[in-house]
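Number of protein chains: 2
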Amino acid sequence: MMNYSQGKGELKNWVVSEVEFSPDTLGKSESIMYLGNGYMGLRSTTEEPYIKDKRNLLISGTFNRAEENEVTELPNLADVTRFDIRIDGERFSLEFGETKNYQRQLNLKTAELTRYFDWTSPRGKELRFHFRRFVSLDNLHLIGMKMMVESLTDPVRISLDSGIDAQMSNSGSQHFLEGERRIFDKQFIQLVQTTNESKIDVVINTTHKITVNDEERIKVPEMNMDRRKVWLTYDFSLQPTDKLEIEKITTVFTSRDKEFEKAEYTIQQLRDHSLQDLQDSSGKGYDTLFQSHLETWQNKIWEAYNFEINSDDDFDQLALRFSLYHLTIMTPAHDDRMGIAAKALSGEGYKGHSFWDTELFILPFFIYSNPKVAKSLLTYRYHGLVGARKKARENGYLGAMYPWEVAWPTDGEVTPVWGDIDIVTGNQTKIWSGFIEQHITADIAFAVYQYYNVTADQGFMDHYGYEIIFDTATFWASRLEWNEKKQKYHINDVIGPDEYKEHVDNNAFTNYMAYFNMKLAIRYYEKLTMENPMCLKELTKKLNLDKAYQHWQDKAGKIYLPEPREEDLVIPQDDTYLLLKEIDLAKYKNQEKVRGIYRDYNSEQINKLQVTKQADTLILFYLLEQTFLNDDERISEAVKRANFNYYEPKTLHDSSLSLATHAIVANDIGDIDLAYSLFKKSSEIDLGPLMNTSDDGVHAASIGGIWKSAIFGFAGIRLVDGRLRINPRIPKHWHHMKFTIHWQAQPVTISITKSTLSVKVENKESITFEVFGEIHECDDFIEIPFGLTE
Amino acid sequence: MMNYSQGKGELKNWVVSEVEFSPDTLGKSESIMYLGNGYMGLRSTTEEPYIKDKRNLLISGTFNRAEENEVTELPNLADVTRFDIRIDGERFSLEFGETKNYQRQLNLKTAELTRYFDWTSPRGKELRFHFRRFVSLDNLHLIGMKMMVESLTDPVRISLDSGIDAQMSNSGSQHFLEGERRIFDKQFIQLVQTTNESKIDVVINTTHKITVNDEERIKVPEMNMDRRKVWLTYDFSLQPTDKLEIEKITTVFTSRDKEFEKAEYTIQQLRDHSLQDLQDSSGKGYDTLFQSHLETWQNKIWEAYNFEINSDDDFDQLALRFSLYHLTIMTPAHDDRMGIAAKALSGEGYKGHSFWDTELFILPFFIYSNPKVAKSLLTYRYHGLVGARKKARENGYLGAMYPWEVAWPTDGEVTPVWGDIDIVTGNQTKIWSGFIEQHITADIAFAVYQYYNVTADQGFMDHYGYEIIFDTATFWASRLEWNEKKQKYHINDVIGPDEYKEHVDNNAFTNYMAYFNMKLAIRYYEKLTMENPMCLKELTKKLNLDKAYQHWQDKAGKIYLPEPREEDLVIPQDDTYLLLKEIDLAKYKNQEKVRGIYRDYNSEQINKLQVTKQADTLILFYLLEQTFLNDDERISEAVKRANFNYYEPKTLHDSSLSLATHAIVANDIGDIDLAYSLFKKSSEIDLGPLMNTSDDGVHAASIGGIWKSAIFGFAGIRLVDGRLRINPRIPKHWHHMKFTIHWQAQPVTISITKSTLSVKVENKESITFEVFGEIHECDDFIEIPFGLTE
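As you go down the protein sequences, you meet chains A and B in turn.
Each position in the first sequence, counted from 1, maps to that position plus 3 in my numbering.
Each position in the second sequence, counted from 1, maps to that position plus 3 in my numbering.
Next comes chain A alone, as it looks inside the complex (with noise of 0.2 angstroms):
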């Protein structure tokens, strides 16, 4: 079981802790617990084996496709965690024996992983173990691993396999080529092996240190290798109290790394330069890099977003610093050529790509929170045009159409065709999303609106924005479908955020977002007109804008937008999920497994029941409600109230992304409790008690979606219209919130308690901002009290 509140004094609410071994569900330690820092993602694998573990050390941005029937993934790179411990001769295992004192521990203020206990050997040796482990955020291609053995009570031979082992795959698909191994002046070992379809270079390399009570040993090891494998064997006897102390330092580079993307490349230079890394990384020892990479977490991460939560129940702090923890390391910040995996970098699952998570439930808080890592995530998708046009194109259509998953960025659509297995038919299941679910290009457009008014940055526009959006409206443009009986366009076949229901016509969400896009586009087109003549002209010639701004002009003011049922304000999800079958979902509402349904029902049949992944309606109010639509109308709190009341019990939740717009929309219509209670459940999406849910990897959006809920839901933060909106409705076990966000280029501190708001402009220059309704300016410190009940 897992213990969420262990650590005392300075270490209180930073630490996730596991205090019982449980080799049957090791996937949700080994997940979320996993080190990374953006570059790379190591899973939090114990160094011995156990049956059911899983090795992963993922690097963003090294997309292969193992196979010509697969798509592209991120490739398992070789292991250098696995320890293969004997003493005395006989494996050890924490499977037998007796341990005791057992603990593991992430501690997220360090992003250090540590794991401690005594352990009686089935023969009666009691030995004391200590484990660390680090992925630098320093250097971002160095991994740290210690080892201390002692031994209590009787004299104790200790023999250890540890080398790089690149016998691994992804779940059976391998991706490199049987690559070179060497062992230099018989402790550094070197693993160099290349992608077989990107032909992208990896070079591992890693060595030991070895102290006996604090004094180095030199041993010269037996070396030894197998098909895809090296490694050296050491033989230890120890005394009782004698320590052990073996210190493991892996460096990691490949030719994708930006240093490396040069004309005069030669794998020999990675070969060197990874190698100098190691060598003078390893002088160091462990002890001095680990300290470098700790005030690097410091200075970067926990000074910067100085969040904090004072709760009754601690659990809240530490799924704040869980969630900033997470979407820190699974960050590729250093290279805008790379995004966010759906399951960050701790696992196999979603093979690494991206989807709309990362603009609707992550990007969020990078634009609020570090913009400049929001910038290169935007200009990911800026450098995704390429795949986007090509997508566009292949469909018959104009413009820009983003994948719905997309890796390396040019190369457009990476949904996999083929799913699991149809109960009923005993075959594989398509799946749909890569060919219809299309409001992916709308969201993209929405990201960058968001971060323009948000940060004010012009010059990522010019460069980048104008051309996202102007092109995926000209996608839009092409996109839709005259009726010619309803004198309006359409959008039919397509799939909405519910992907329950496959193959719909006027999913509410697309086509409130395609008309969203193409408005967008319209605005910033006449805006470009008056103020930036230059930029527009040079658009114009790459994109054929002034067609394309005649084709928006004609036909976004047509687009069919479901309107509120008169008699419940309930806006129908597309044309038909309102006449569908209605059935009791009580026994997969309580599931401990999504998708639960799926295992009485087929993809056919689930089409045909007003049952819902997530709702879409809901995402729609949480987003549009901040910008212009049916004449800059807000959406009324009595139709997101009727609408919530509709939707939220046929929905299963099954998306991880649910449950945080779900939360904010509840605070949004004043049921804190409620929101408080989602809130809840989404942070225990990977922090809670249930043992196998994150065992393909956390939940990226969801674990985005804890800093939303706190900072759009409790907080009230948004972004309506242009300007910043200060709502503040803390839960009832909240005495006090406090954070810093930047807005429009400032970093802005906000302090929130029960009945006041303080706001403290940190460089002085005069902002404008509204809560509950009434405008503020400020250039300094306001604080603002408020009524709110308890």
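Bear in mind the hints are in silico, worked out from the structure with no lab data behind them.
There may be inaccurate statements among the hints.
Identical chains share a label here; the pair holds if one copy fits it or two copies do between them.
In silico SDA-like cross-links for lysine to any residue, where the CA-CA straight-line distance does not exceed 20 angstroms [claimed, not checked]:
1. 232 / 427
2. 522 / 562
3. 55 / 26
4. 55 / 87
5. 232 / 421
6. 232 / 352
7. 112 / 307
8. 189 / 223
9. 596 / 230
10. 55 / 230
11. 222 / 429
12. 55 / 85
13. 103 / 590
14. 189 / 605
15. 735 / 764
16. 55 / 94
17. 232 / 74
Let chain A serve as the given structure and place chain B on it in line with the hints.
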């Protein structure tokens, strides 16, 4: 520990059994107890998984090159043997709880693997398990498995995951494209995969039948899919004394199967045919299928070979049966396009490639015991002429230069280029065999000669045999190098059977065998001129024999053939061996792992020492005594003895081929005790107490060597100058041995005691043979007394 003489009554000396479970040394039993039928080999990995287990299912002939920088190999197919068993929700494993009455047995007579034990779970539930498994010799495509579980005391919940797992690889190299997975009628699972380079389709089908207390339980299991994996989950609640039985029947077919090698082949035919076969077979049930399998073993194998040994040490009879069992299951008797792999079908070692091992160590068994299979194996070499000619051309020679390693026969050389780590430089060492280990070409010519003389199969010679002998002789004629000074033809820069000496000149074995090959061609050419000019004419047209015959004639007599030194009768193994430094080899002679010397010296250093992997000249004595050399003068016993005494102490027997040869030669020189001890050591390569020797698979050649030591050694059977010789010298501990050989198309049953030899000619056609220098003729039965001292 293995216990070899297990089995009482009828089963005495028929059973290889393991009486204690050892999770750290699983490879031994997995390999030596593996099941197969020549079509496929299934490693005997336990149903429940362990960290160190290795699952292998290999199909003869399905070669594939996984990646551009690897060599072709037999791919490891999807696994069907793994059962993930949970008892009351907890993983079942013999590493926990308490195990009693454990026994795992391979019954050689029935070719069935069984496992039996009582197990008390960590929570105190007592259960009785019984597993059975066979790979059918009746239906070559079929695997039968059965698990019986009885709850002895308490109600217990058992659940089981079982299906098809294609996440398997060859130590990380993946040969298969991600395939299709289906479940028909919620019970018949089908997985279709294609190799990624050779494009061979493989279809695996499996199904389960469940009974509780002998009543069929129709239960719809949970259906699951993961990447490259499809499985069912069953759940059962057992009351005390309830008996649960699960049968799992599997069929495997591939597009390489002869019946599908046709122009109109479609993968759908393979799907349909294999599923139908599964449905038909599973309908019969395990017991019926097993009965057919058992009868086939009885009729086709045990009665046909009729091999008996009466020894004081039961191990000897068991070792012989072990040899016959493995010779049967390793050999693709069903398809003459396929050869025997060096590690049989029991593991990934040597990649399923065939070496000279077949011709020198295994083929003799089939030549004397089952000529039809011997013909198939030599026909494989005939198909291999395509590859051998390709290799000759690539190396600048004429004729047929057989590959050191061969896979699909027409592909030519497939020896990998890089091997283990060099402990001095840290680099991988280059493997030279594929370039310069050339004696294999003459070894194959010798095998054809032996087959022809023993079987008198003239049809084979006319169609295949002459062509092999002529074109290999042509290779040698083009390979010889004229030494002006010595006025002799030399063969420089080769590796002989003693692979510890690379790049040597005039390796005695190679030179003599090349000489033999050319002389044989001359003899047969001249014979054909007289006896079958039509055949010669056709071959002349194809092989340009007029010119070739001239070359043979010109060169054969001028080949340098190293003679015994006058002072000590030692034949120099090559031009430099006798000049090299000698070192103390005690440490390596007593090693537990082979190649121990490589941990102290690298190849370059070993090349400069008088240390030998296997003694070349001794193999020469064993082979060439049988034929014409030096004007038909037989090699004297004094020369044999001198060379044995010189080379054996320098020989590490680091080739598993080595011991059997030494046993035979020891017997030839009259040292029966030494011969017996070498026979035993040879048997113990796989069947002995060292637990890691067979991890990568059994040693096919050494298994052939067990039979060879008995027949060519103790029974003294030998082909000498085209005539059968029988010089029996059975070991002290043996009272009697009896077996049937085929001599020139007639079964001949030979029975030997310490003082008599009896020969029974089954078809009553007269044969002539030599016994200790005397010639006998017999057309029915003869008993010959001879005077061996006890």
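*With identical chains treated as interchangeable, where does the CA-CA distance between residue 232 and residue 74 reach 20 angstroms or less: within a copy, between copies, both, or neither?*
The answer is between: 17 angstroms across copies meets 20 angstroms, while 26 angstroms in one copy does not.
*asked:* Reference check for the pair residue 112 and residue 307, CA-CA at most 20 angstroms: within, between, both, or neither?
replied: within (13 angstroms within a copy, 75 angstroms between copies)
*Go through the copies and call it for residue 55 and residue 85: within, between, both or neither, with a Cα cutoff of 20 angstroms.*
The answer is both: 14 angstroms in one copy and 14 angstroms across copies each meet 20 angstroms.
*Should residue 596 paired with residue 230 be assigned to within, between, both, or neither, using CA atoms and 20 angstroms as the limit?*
Answer is between: at 18 angstroms across copies they meet the 20 angstroms cutoff, but 38 angstroms inside does not.
*For the identical chains here, do residue 55 and residue 87 meet the 20 angstroms Cα criterion within one copy, between copies, both, or neither?*
both (16 angstroms within a copy, 11 angstroms between copies)
*Give the relationship of residue 189 and residue 605 under a CA distance limit of 20 angstroms: within one copy only, between copies only, both, or neither.*
Cα proximity of residue 189 and residue 605: across copies only (14 angstroms, versus 58 angstroms in one copy).
*residue 103 and residue 590: within-copy, between-copy, both or neither at 20 angstroms Cα*: neither (39 angstroms within a copy, 43 angstroms between copies)
*Given identical chains, is residue 735 near residue 764, meaning Cα to Cα at most 20 angstroms, within a copy, between copies, both, or neither?*
neither (27 angstroms within a copy, 102 angstroms between copies)
*If the cutoff is 20 angstroms on CA atoms, where do residue 222 and residue 429 land: within, between, both or neither? Let me know, please.*
between (58 angstroms within a copy, 16 angstroms between copies)
*Is it within, between, both, or neither for residue 55 and residue 230, if the alpha carbons may be no more than 20 angstroms apart?*
between (23 angstroms within a copy, 16 angstroms between copies)
*Are the CA atoms of residue 232 and residue 352 at most 20 angstroms apart within a copy, between copies, both, or neither?*
between (25 angstroms within a copy, 15 angstroms between copies)
*Copy assignment of residue 232 with residue 421, given that the CA separation must stay at most 20 angstroms*: between (33 angstroms within a copy, 14 angstroms between copies)
Of the numbered hints given earlier, the model fails hints 13, 15; all others are met.
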